[in-house]
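Use the sequences and the hints to build the structure in full.
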Amino acid sequence: DTGVSQNPRHKITKRGQNVTFRCDPISEHNRLYWYRQTLGQGPEFLTYFQNEAQLEKSRLLSDRFSAERPKGSFSTLEIQRTEQGDSAMYLCASSPLRGYEQYFGPGTRLTVT
Amino acid sequence: QKEVEQDPGPLSVPEGAIVSLNCTYSNSAFQYFMWYRQYSRKGPELLMYTYSSGNKEDGRFTAQVDKSSKYISLFIRDSQPSDSATYLCASLILTGGGNKLTFGTGTQLKVEL
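Chains as they are written, first to last, in our numbering: chain A, 1 to 113; chain B, 1 to 113.
DMTMM-like mimics (lysine to aspartate or glutamate), calculated; alpha carbons at most 25 Å apart, straight line: (1) B:42 x A:101; (2) B:42 x A:68; (3) A:11 x A:86; (4) B:70 x B:58; (5) B:42 x A:86; (6) B:67 x A:44; (7) A:57 x B:3; (8) B:2 x B:45; (9) B:56 x B:5; (10) B:2 x A:44; (11) B:67 x A:101; (12) A:57 x B:5; (13) A:11 x A:24; (14) B:70 x A:44; (15) B:2 x A:86; (16) A:57 x A:28; (17) B:42 x B:58; (18) B:42 x A:44; (19) B:56 x A:101; (20) B:42 x A:24; (21) B:42 x A:78; (22) A:14 x A:83; (23) A:11 x B:45; (24) B:2 x A:56; (25) B:70 x A:101; (26) A:11 x A:63; (27) B:42 x A:28; (28) A:57 x A:86; (29) A:14 x A:86; (30) B:42 x A:83; (31) B:42 x B:83; (32) A:57 x B:45; (33) B:56 x B:7; (34) B:2 x A:101; (35) B:2 x B:66.
Just some of the chain A residues that point at chain B, by a computed CB distance under 8 Å: (36) 33; (37) 40; (38) 43; (39) 102; (40) 103.
Because the hints were derived from the structure by calculation, they are not lab data. Given the structure is predicted, the values throughout are model-derived calculations rather than measurements. Cβ atoms here follow ideal geometry from the backbone N, Cα and C, with glycine treated the same way.
Shown next, in the form of structure tokens:
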């Protein structure tokens with residue numbers, strides 16, 4: 001069990017560019033979550049997958065954001081036409097189907113210049 | 001008003017002190033309560049979680065929930081400099097879809113030699 005991994009760890013992009021992040025959950029964890037954390041705040045829920053199905057999306061997830069989990073394993077989060085307000089730490093977490101604890105990855109820190 | 005409120009600190013204590021970290025929440029539907037530790041520029045690490053009211057102990061850490069007053073506490077005994085981090089409380093509602101966590105802002109703790 002290697003834990004949740006996320007790539008890249010840090011991404012610097014210019015406003016208006018598209019970025020994509022990847023999350024590899026703990027193997028055999030059916031549930032996968034994306035959260036966003038800004039400086040001095042706790043993580044905020046963005047979206048949730050159970051296997052390959054995206055079952056819940058926060059109102060924070062504007063139409064510039066899209067997430068996929070095509071085969072129920074890894075997930076990607078894409079932000080189109082990035083804005084400076086998108087600068088944050090993007091965290092991925094996974095949990096087993098029968099369990100409530102969520103295990104977080106190291107995060108991807110996005111800086112939009 | 002945020003659903004989970006937490007004093008951001010910073011809280012500074014001498015090594016060996018007993019630390020008390022606290023949160024309040026407003027949503028009576030919250031069922032599980034978690035404590036995460038987050039080092040600077042890292043992902044949150046799950047410390048403990050509890051269900052309903054009562055205490056749960058794990059080594060130097062004790063989590064306490066009082067649902068009647070909507071109060072969550074984490075006690076750290078014999079605090080060490082390595083405990084210096086931000087501590088996040090989180091609450092969870094079981095839903096038919098995902099089990100999204102609602103976080104407090106985090107309390108920054110510094111344990112000094």
